[in-house]
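With these hints in hand, go ahead and build the complete structure from the sequences.
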Amino acid sequence: MRIEEHPVLQFDRGEKVTFFYNGQEVEAYSNETIAAALHAAGVRRLGHSPELHRPRGLFCAIGNCSSCFMTVNGEPNVRICVTRVEPGMRVEEQQGKGVVTP
Amino acid sequence: MIRNVEVLVVGGGPAGLCAAQAAASMGAKVTMLERDYVPGGQLVKQTHKFFGSEKQHAGERGFQIGRMLLDEIQADPNIEILPETTALGCYEDGVITALQGDKHLKFRPERTILATGAAEKFLAFPGNDLPGVYGAGAVQTLMNVAGVKPAQRVLMVGSGNIGLIVSYQLKQAGVEVAGVVEAAPRIGGYLVHAAKIRRAGIPILTGWTVKEAFGKEQVEGAVICQLDDKFQQIPGTEKTIACDAICLAVGLTPLTELCWQAGCEMKYIRELSGHVPVVSDDLETTKAGIYAAGDVTGIEEASSAMVEGKIAGYSAAASLGHSPEEAARLRQEAMEELRQLRSGPTGGKINAGIEKVKQDGGVVHVNLYRYSH
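Protein sequence lines correspond, in order, to chains A and B. Per our numbering, the first sequence starts with residue 7, numbered consecutively. Per our numbering, the second sequence starts with residue 75, numbered consecutively.
Calculated from the structure, these hints are not laboratory results. Glycine is no exception: its CB is placed at the ideal position from the N, C-alpha and C atoms. A couple of the hints might just be wrong.
Said to hold, decoys possible - Sample of chain A residues facing chain B (criterion: CB under 8 Å; computed from the structure):
{"hint": "1", "residue": "Ala46"}
{"hint": "2", "residue": "Leu52"}
{"hint": "3", "residue": "Lys103"}
{"hint": "4", "residue": "Val105"}
Said to hold, decoys possible - The calculated lysine-lysine pairs, modelled on DSS-like cross-linking and capped at a C-alpha distance of 25 Å, are:
{"hint": "5", "chain 1": "B", "residue 1": "Lys195", "chain 2": "B", "residue 2": "Lys430"}
{"hint": "6", "chain 1": "B", "residue 1": "Lys180", "chain 2": "B", "residue 2": "Lys432"}
{"hint": "7", "chain 1": "A", "residue 1": "Lys103", "chain 2": "B", "residue 2": "Lys341"}
{"hint": "8", "chain 1": "B", "residue 1": "Lys361", "chain 2": "B", "residue 2": "Lys290"}
{"hint": "9", "chain 1": "B", "residue 1": "Lys341", "chain 2": "B", "residue 2": "Lys361"}
{"hint": "10", "chain 1": "B", "residue 1": "Lys430", "chain 2": "B", "residue 2": "Lys341"}
{"hint": "11", "chain 1": "B", "residue 1": "Lys123", "chain 2": "B", "residue 2": "Lys270"}
{"hint": "12", "chain 1": "A", "residue 1": "Lys22", "chain 2": "B", "residue 2": "Lys223"}
{"hint": "13", "chain 1": "A", "residue 1": "Lys103", "chain 2": "B", "residue 2": "Lys290"}
Structure, rendered in structure tokens:
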């Protein structure tokens with residue numbers, strides 16, 4: 007959920023854009039990360055661990071921890087916490103360690 | 075192709091920004107690598123007013139200081155900022171590599187300033203990998219940068235300054251805080267922050283910890299329990315807390331991979347929260363030409379990181395022959411600022427840590443990250 011009113015901060019969210027999460031259209035803003043847009047849309051489970059298949063979510067949000075890996079426009083293991091949303095982007099839950107397609 | 079650069083700053087947080095600005099103001103050409111798409115590090119996520127003196131912009135809120143610094147740096151023709159660029163490695167011949175999108179960049183800097191900051195510590199408990207268990211920094215990033223609520227009701231773990239400040243920030247963002255659990259028998263952070271959140275009606279439970287997180291696909295609640303004076307869980311004291319997020323504010327540890335790779339002498343210093351590079355008063359590591367500033371030299375506050383950045387920036391510029399007298403004078407001033415900052419309430423611990431770094435012995439020789447030939 008988005009913060010509409012804040013006593014100290016004003017958010018420069020940029021323009022409204024849409025992208026695709028597992029094939030579904032999601033509304034987002036041009037100045038935010040994929041992670042922020044998915045959280046705003048209520049998506050917190052971002053994938054599953056490769057071996058035990060336990061649900062995985064965001065942990066550090068600054069590109070350190072690798073917990074938020076997803077497949078973006080066909081490229082696996084993208085840190086969505088430091089990747090900005092782009093219009094029409096395809097963001098998918100990753101299966102296992104991901105497959106790199108040349 | 076390897077690019078020759080004069081001063082390479084790795085990291086665009088408070089230390090990196092100030093290092094770049096200091097070196098550039100003496101006439102050095104600076105290139106700064108920043109992993110995120112906007113520099114500023116954790117500074118731009120702070121909504122509270124800073125302490126210290128006027129020189130460290132005391133009384134201003136962290137994000138305001140960050141924006142001011144960023145504006146100045148973006149207008150500086152001597153500074154090139156490379157955002158969305160992650161440093162990957164530091165090689166024996168001094169080459170530093172980085173990834174920018176799908177481009178692999180290589181730099182050969184005359185001087186390098188490592189301002190890589192810190193990583194959040196984790197805590198072992200069942201269910202700690204569920205979505206909804208966040209580091210305190212992640213909560214700040216979501217709500218103070220993106221303006222997105224991380225959850226509806228949060229359990230905070232840790233009552234150091236970060237735990238207290240982030241609890242208050244959650245309240246500001248309209249998120250409920252179920253309470254703060256603190257394993258130690260007393261509150262870790264400043265009284266002024268603790269009083270603020272107590273006034274907001276948020277309970278702080280000292281001598282308590284999180285025993286487990288539960289939930290199917292994400293956090294649906296937490297079990298907390300009391301600890302004895304040996305930090306062992308006391309059976310029968312368990313309480314269930316309804317929450318959809320658990321925020322871990324259990325400390326930070328220096329992010330030193332590049333220091334290890336460069337072959338800097340490293341020491342484990344408990345007071346500085348982990349392994350740190352051995353540095354001179356100029357903040358030069360034991361590898362000539364490689365400096366370190368900010369949390370990578372030991373966990374402190376953003377104010378100290380900014381001043382350390384200045385010291386490293388002036389030192390690096392002076393060593394290249396840029397306005398050496400002026401740089402020496404400004405570096406001296408910055409060292410005095412740092413001395414004053416460290417005379418504050420938490421300074422004792424930091425000073426003790428820095429003394430240990432300076433003492434002989436204790437250097438860790440096993441280089442965990444280095445490829446062995």
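Comparing the hints with the structure gives:
no., hint, in the structure
1, Ala46, "holds, 5 Å"
2, Leu52, "holds, 7 Å"
3, Lys103, "violated, 17 Å"
4, Val105, "violated, 17 Å"
5, Lys195(B) / Lys430(B), "holds, 22 Å"
6, Lys180(B) / Lys432(B), "violated, 33 Å"
7, Lys103(A) / Lys341(B), "violated, 35 Å"
8, Lys361(B) / Lys290(B), "violated, 49 Å"
9, Lys341(B) / Lys361(B), "holds, 14 Å"
10, Lys430(B) / Lys341(B), "holds, 9 Å"
11, Lys123(B) / Lys270(B), "holds, 13 Å"
12, Lys22(A) / Lys223(B), "holds, 18 Å"
13, Lys103(A) / Lys290(B), "holds, 22 Å"
The earlier numbered hints that this structure contradicts are 3, 4, 6, 7, 8.
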